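Trainee: The chain contents come next:
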Amino acid sequence: METMVTRSYMSRREAEQQSFNLLATVLVPAVAILLQVLLPRISPRLAIVDLPLIVTLFFAVSRRNPIAGTATGAVIGLLQDLLSGMPAGVNGMAKSVVGYAAASLGSRIDVENTATRAVLTFCFSLLQSVLLYLIQRHLLEIHGFHVLWLHELLRAIVNLLVAVPVYLLLDRWKRQD
Amino acid sequence: MEFVTRFKNALFLIAVLLAQAIALAVQVRGPANAGEPGGERIRLIRLWTIGAVTPFERGAQALGSGVRNTWYHYIDLRHARQENDALKRQIAQMRIDEAAIAEDALQGRRLQTMLQFRQRYVGSTVAAQVIGTGASDQSHILTIDKGSNDGLKPDMAVISPDGIIGKVREVAPGTAQVVEINDQTSGAGVILESTRIRGILRGTVAGRVQIGNLTADSRIKPGEHVLTSGGDQVFPRGLPVGVIEKIEPDPDHQPYMAISIKPAADLNRIEEVLVITGMQSELSDQAQQDLAAAQAKRAADMSAEKLPGIHDDETGTAAQNSTSAPTGSTGGQTVKVPRPEPVIHPDRYSPGATPPATDLTPGAKSQTPPPNTVRNATKPSNSKSTQEPQELQ
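Chains as they are written, first to last, in the numbering used here: chain A, 1 to 177; chain B, 1 to 393.
The shape of chain B in the complex, shown without the other chains (with noise of 0.2 Å):
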């Protein structure tokens, strides 16, 4: 009893430290035991705490706005008349180059059309206001204005116009919180747009954005665009992330870069946010058979990047071959005929190298010359030695 008096400071301390362990212990044990009644708690305990402080927010966000529109609309309006004119002048301008660019556009759809990509995969979105941040600057949290009330689930995407935000995280019946990409407990799939390198996206303790999957490759370089892969099933994918800034050795995971990321949307300035509320795979067949689409095309794509290229001669020997292809009209419609390209080595089943049938008797000894005469024959025998340098090529 005198040990129990003599230390009770430091035993109180020791209660509160194992008690909030045990806590800490409970909720950190992963989403197979989230549903067990200690986690399920906790997260009541943290819906009443955001509860709590959602009015102030409000009240705050709401203060803060007033206070900006009766500056902004009443008190802060020097130049504005020649604003509103210089503005005018610009509506015109663009008015007419609306013009040229609704040419592009339709031309643009067409094409698309023709490709059979539909780019629908944003169903439903609900826009919402930041009302506050976290209480913390070891995490990078958003309070949104929407909730539960308005379809909101954990794991939604969030995104804004210029690019991704981050995913929903806690929701509320009025509000919700957001992970920003940004947070070091965030991540994401995502692909390099050029070079279609697939990678994870994670925040850092700096408040950074990297990718830190990828081993070092020449290929990827700074400023190249980053878009999201999909692959997370939490964004859609082909939304803009943003752009490579900085490419450097991971000093923790040896053989693998640290690849830095400028976020496309201004991550420290978010004043509305859209959520992804509705994934239009999920509704339409159609539209899932056109992401099998697009993803066999981009496999294809890919597996032809990893092929050896064409030279450009022989480029341009196609593309002369190509013009000079036989013609057809249908229905007023002038349609080509393709026409086989040239082969590197030719043989005796390549096309041309075998007579014509009404020159064949039956039972008689092919005629057709080795490929090498075939070969030097349309050459001359001393361009042999600059030939295969380039079939080497």
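Just chain A, same shape as in the assembly (with noise of 0.2 Å):
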């Protein structure tokens, strides 16, 4: 007797589309907000870490889709402006870009390997850094507004190197769709 097989035709996205439970979409970018907020006290240089960027690239990168994406670097930039004392929408508008990117990005190449995460970090990390530049230099009209390139640089490489264990982490709260 013939089986018959039943085969659809998927994109990789939609084969590869994760989800989270509603408690770890609230609760990890809140803790990621809440450490980025306590952890300075503890040292001023651990301010140079920024964990909502590696939360919204996490998030981003795994449910690949750029609504999500846009939304997820949105309210977690909002979060981290209106912790920070700078106008809102500051971070905002540069996480939404960053979210919108990397949810793009994650839905056309592999980002379940290390390597590939550790690189899009560093990228993504600039990226932040050109816009929040951008935006506070030339839509905010900051006069005098500098970057310090070599210690945005420095910020980049220190995100890969934390980014990388927090995503493996963070992996566990995955549930594939």
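In short, the hints are calculated from the structure, not lab data. A hint or two may mislead.
[What the hints assert, rightly or not] Rough simulated footprint, nothing fancy, chain B against chain A, three-plus residues with beta-carbon under 8 Å:
hint	region
1	114-124
2	156-168
[Said to hold, decoys possible] What follows is a set of in silico ranges between Cβ atoms, one per label pair, in the way DEER data are often shown:
hint	chain 1	residue 1	chain 2	residue 2	range
3	A	Asp171	B	Leu63	38 to 46 Å
4	A	Leu22	B	Ile45	18 to 26 Å
5	B	Asp76	A	Trp173	32 to 40 Å
Quantities reported herein were computed from a predicted structural model and do not represent experimental measurements. Beta carbons: idealized from backbone N, C-alpha and C, even for Gly.
Build the complex from these two chains, which are given one at a time in their own frames, with help from the hints.
Mentor: Rendered as structure tokens:
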């Protein structure tokens, strides 16, 4: 007896799209922002790590949905702005673009590989620095605003180093659709 | 419709960016529009966000303090006994030193009273504990555990025993955000302690503190202390700000110098702060009069600095004259009668150049010799060549 095999054709994005339960979706960004506020109290040098960016990238790349990536980036960035005393929208806009770009890229390349994730984190960290510079210098017209590019390069490296173990930890929260 | 479906991702991103750009525009339109509904709404959302995070910050602070206290007070007690003995010896030595210092302090108070200079501009303060920082290293923000319930208001000065810290920005009922002096958006009026040059202090992107509105001046040197000038209406006058660390040309504002300041307070390790909630000058007319008198004195000092200095040899002569001035006795106290200092260019109006009234004859021509004669009469003729260059100095 011949067995009928049902086959459906799905895109790579649909096949690998992952989701998270509500608790993880709310709790992980909240904890990242809270740690971002508290860690510099232990050592001011820890402020160089951008945990909200790492979390934005993780969710955007895992979901592979640009709309979800944009929304996640916007919410996390706005919360960061509200707590840092900066005008609401500076980090929000930068992280929206980062979330969108990361999700778009995530649907095209294999982002499960640790090396790829590290390179993505490095590149998107630099992209965020450029976006923040453009927003503050040209949109807000803050005269005399400068970016220390060596510092931003160092930040990208530190984010890369922190992101790899954080991604491995957060992978446990994933739910394959 | 197909267009929307096809480009829904990009359209969503554009919509989100546009909404945030509008929100930014509302916030940065300036203080004149701060009371508008849009700006007020964002301020409320900010306060709610701070309020939501505060319990966690308090919890972390309490946990950290608990762990630290347990460690320091109960576990890490090695060498505590030896340290205790050393401290007791130190206290004994300090008591001896204190007696000597107390005498100096009394003298200082007496002098202050004589000058009628009372530095009582800080009226009341509220002590607060730092419980959090800003969520971005581009902003230098502190969260403190006191808010509007404790009388805090925006723009109040925040200080520590070492120096100024910043000013209050957002105030929630139980907490407040403090913008530090090294934040890019902060500013403070300052004065250089010895040269009395005024400047504006600003934070930089690197989290440093700079004075950027002064042109090159040879009098400004590293190591000079910087104080608050009181001109910003936020910080009381005379509080320590820091020490000049480096002076270099400002590449962005070419005629001006970038004077880097090392803050007096360690801005990276602040545990407790004082918020100045009341200024004495607002309460007392007397204090305002004192301030005006002190400013007038300072203006006189600055004018005196700009005038040509007195030669050392003349100062010496003046000192000699003052010591040789006639003295009188009043009620057991010796009072020195003031005597005019010798003039550089004597003429017929100079003290001592006019003969006594008893020697004058009504209607007779003046017998006063011309000024040159007086000067030459007091000096040997061959000393004129050496005298003139001194006068020109």
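Trainee: Confirm or reject each hint.
Mentor: Going down the list of hints, with the structure as the test:
With 0 residues having a Cβ less than 8 Å from any Cβ of chain B, the region 114-124 of chain A misses the three-residue criterion, and the hint is violated. For the region 156-168 of chain A, the stated coverage by chain B is not satisfied: 0 residues place a CB nearer than 8 Å to a CB of that chain, which falls below the threshold of 3. Evaluation of the 38 to 46 Å hint for Asp171 of chain A and Leu63 of chain B yields a failure: the beta carbon distance comes to about 28 Å. A beta carbon spacing of about 22 Å between Leu22 of chain A and Ile45 of chain B agrees with the range 18 to 26 Å that was offered as a hint.
In this structure the supplied range 32 to 40 Å holds for Asp76 of chain B paired with Trp173 of chain A, their Cβ-Cβ distance being about 38 Å.
Hints 1, 2, 3 from the earlier list are contradicted by this structure; the remaining hints agree with it.
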